[in-house]
Amino acid sequence: MPVADRMVQCLKRTGTTPLDKFVREENLKLYRRLLSETHDEERRRVLMQLIANLSERDRPSRGGT
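Under my numbering, read the sequence shown as residues 15 to 79, first letter to last.
The set of hints was computed from the structure by calculation and includes no laboratory data.
Glycine residues also receive a C-beta, built at the ideal position from the N, C-alpha and C atoms.
Accuracy of the hints is not assured; some may be wrong.
Claimed, not checked - Calculated lysine to aspartate or glutamate pairs in the EDC-like style (CA-CA distance at most 20 Å, straight line):
(1) 43 to 54
(2) 35 to 54
(3) 43 to 19
(4) 35 to 70
Unchecked claim - DEER-style ranges, computed between Cβ atoms:
(5) 35 to 62: 15 to 25 Å
(6) 17 to 50: 29 to 39 Å
(7) 70 to 48: 42 to 52 Å
(8) 19 to 56: 20 to 30 Å
(9) 60 to 37: 12 to 22 Å
(10) 26 to 55: 12 to 22 Å
(11) 31 to 63: 17 to 27 Å
(12) 51 to 23: 33 to 43 Å
(13) 53 to 16: 43 to 53 Å
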């Protein structure tokens with residue numbers, strides 16, 4: 015099966031591609047590292063929100079609840 019076909023099947027099944035997952039994981043690593051290094055409250059707040067937004071995407075939807 016061609017790679018493009020596998021990518022389309024993965025996208026249909028999970029709503030994401032392996033590249034999307036990789037980029038998301040790398041962003042989470044970066045945001046967590048930056049969060050551990052900064053003491054600026056505003057920057058910490060923004061980083062925590064970014065982490066929460068990315069983490070929320072992993073949670074299964076609850077079908078209207």
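Right, here's what the structure says about each hint:
1. Distance hint between residue 43 and residue 54 is fulfilled; the C-alpha atoms sit about 19 Å from each other, no more than 20 Å.
2. For the proposed pair residue 35 and residue 54, the alpha carbon gap of about 29 Å is over 20 Å, so the pair is violated.
3. Among the hinted pairs, residue 43 with residue 19 is inconsistent with the structure: their alpha-carbon atoms are about 30 Å apart, more than 20 Å.
4. Between residue 35 and residue 70, the direct Cα distance comes to roughly 14 Å. Compliance with the 20 Å bound is thereby established for this hinted pair.
5. For the hinted restraint 15 to 25 Å between residue 35 and residue 62, the CB-CB distance of approximately 22 Å keeps it satisfied.
6. Against the hinted window of 29 to 39 Å, the Cβ-Cβ separation of residue 17 and residue 50 comes to about 37 Å, which satisfies the hint.
7. Roughly 19 Å separates the CB atoms of residue 70 and residue 48, a value that falls outside the hinted 42 to 52 Å.
8. Taking 20 to 30 Å as the suggested C-beta distance range, the pair residue 19 and residue 56 does not conform, at roughly 46 Å.
9. For the pair residue 60 and residue 37, the beta carbons lie near 19 Å from each other, so the given range of 12 to 22 Å is met.
10. Distance hint check: the CB atoms of residue 26 and residue 55 are about 42 Å apart, inconsistent with the given range 12 to 22 Å.
11. Evaluation of the 17 to 27 Å hint for residue 31 and residue 63 yields a pass: the beta carbon distance comes to about 25 Å.
12. Distance hint for residue 51 and residue 23: a CB-CB separation of about 40 Å, consistent with the stated range 33 to 43 Å.
13. The supplied range of 43 to 53 Å is met by residue 53 and residue 16, whose beta-carbon atoms lie about 50 Å from each other.
Violated hints, in rising order: 2, 3, 7, 8 and 10; the structure is consistent with all others.
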